[in-house]
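Here numbering that gives the first Met the number 0 is used: the first residue of the sequence shown is 0, the next is one more, and so on.
Quick caveat, the hints were computed from the structure, so don't treat them as lab data. Keep in mind it's a predicted model, so treat the numbers as computed, not measured. Hints should not be assumed to be uniformly reliable.
Stated by the list, open to error - Ranges of calculated distance between the beta carbons of each label pair, as one might list FRET restraints:
(1) Ile232 <-> Leu502: 54 to 62 Å
(2) Leu502 <-> Asn468: 39 to 47 Å
(3) Ile308 <-> Lys427: 57 to 65 Å
(4) His411 <-> Leu334: 47 to 55 Å
(5) Leu502 <-> Lys251: 34 to 42 Å
(6) Lys371 <-> Ala31: 56 to 64 Å
(7) Gln139 <-> Ser118: 51 to 59 Å
(8) Leu502 <-> Lys150: 47 to 55 Å
(9) Lys252 <-> Gly186: 25 to 33 Å
(10) Pro375 <-> Asn455: 45 to 53 Å
(11) Lys449 <-> Lys221: 35 to 43 Å
(12) Gly186 <-> Ser118: 13 to 21 Å
Note that the Cβ used here is the ideal one computed from N, Cα and C, for glycine as well.
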Amino acid sequence: MKEWILTLITFLGVTSLSAQNYSYTFKVNGLAAGQDVYLANYFGDKLYYYDTTKSELGVAKFERSSIKGGVYAVVLPGPKTFEVILSENEPKVVLQTDTINFVKSMKVLKSDENKLFYSYFSYLSEKQALAGPLRNKKDQASKDQLFAIDKEVKAHQKQLAQENGNNLFGAIIAMSLEPEIPELLKGDTSKQMERYHYYKNHYFDEYHLDDPRIVKTPIFAKKLKYFFEKVCIQHPDSILDQAYKLIDQLPKKTDLFKYVVHTLTYKYETSKIMGMDAVFVGIALKYYCRGSNGQTQAFWLEDQYLENIKKAQLALSAAQKELNKIKESKNSEELEPLEKEVEEKQKKLSEVEKNNKIKEICERATTLNRLKLYGPAPDLILQDTSEKNWVDIRKLPNEYKILVFWDPGCGHCKKEIPKLKKLYDEIKVKKLDIEIIGVNTELENTPWKKYIRENNLNWINISDNPEVNSNAAKYIVNERKTTLNSLNFRDIYDIFSTPQIFLLDKENNIVA
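Kindly generate the complete structure, drawing on both the sequences and the hints.
In structure tokens, the structure reads:
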């Protein structure tokens, strides 16, 4: 009995020690009592609500049972904000400041990392005050002074990063450091490309990429954006190569991995620059789509999807149990509404199962992969307006082919098709080896043919029709007139709106 009690006491003692409590106290002169004060956390360069409290006698206090390390913002009425480092290894933080000037008035009463953080701010302010008056001066002495200040700041940053390699403050400072170009590559103009490649290849060398907390600092997002927009050669293959190199260094199933993958995916999926969707395709296929093991690396979408299914299944199960009880009790009055509820829950589960974001992204990537710049255009064999002759765009001998997907009822098409007609007439006058192929995206061909006649669209016009689609096997298998991809051209060519225009070269590669 005594041994059992001792074991219980020991267990309770260990449990209480491991259940860490975090207390953050901010004493702010000028903060009235009863005010809402918020704690916001960075995720990339954006702030998100994290916690709230009421001020008492100029003090805002937050208490948490857990914390994810990062840079947080204390948001006061106004709104006015100041930043603070919160990390797992500092359970108690006490800061004192004034609403007139947070940084200048800041006193760190408890927190080693924030002492370093605000000491660094003060140091930078001093150096900026010295450098400011010199920036507009053009004499050599002023330039030399600016150079000396810059050199001193960089040396100080490097020292801070080295001395604080094991804390978040050190990780933040490390991201401020630029790659140091070897002396061998400096000065020589013939080695400009070597300097560039060295800078690019060593850009992330000092980053604590094994520390997921760096994503919760605003500097990481800015440096990531700068790298992919300013440092990388703006070509899909170059960007994709650097994206793989960076992502594969990150710890999986972390906020850092999630942020980089999601940010780059969205950036290049929505890019207006021609061909950049190839970056989206590459990232999606590698990190979102399921590999040979059936697993996806997009854990945040997978977890959310499974959680949504679980909730819908539990709701359906509860409704079915209630329905079974009513059936056993033979209470006919409650039977009908419960049957409807079960039916609704079944529909909801079906909707949740279909709403698979990973599947959507992978399907989109697979579609765009077929249409990537400089890749071969998917086959397209359809009937002309006679509905007797089949036209295979791959067999057209022209140097260039303009493939236009449109329909006569589309408002944008009514504006663009006349422009294309004018262009086509000019092409023929100049005897350029370019052909336009207009493809009707509607199954009903009568309005399309009428528009062609009335507007003298004398280029190649092709389309499918209800008869061909309802007898697909006949034309694909028996007569071998066309292909499945051709009859599914709306999906294959990703025709989600009209008009859609592709420029093909002589080898039928998509060049624009």
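Which hints from the list above does the structure break, by number from lowest to highest? Hints 1, 2, 7, 9, 10, 11, 12 not satisfied by this model.
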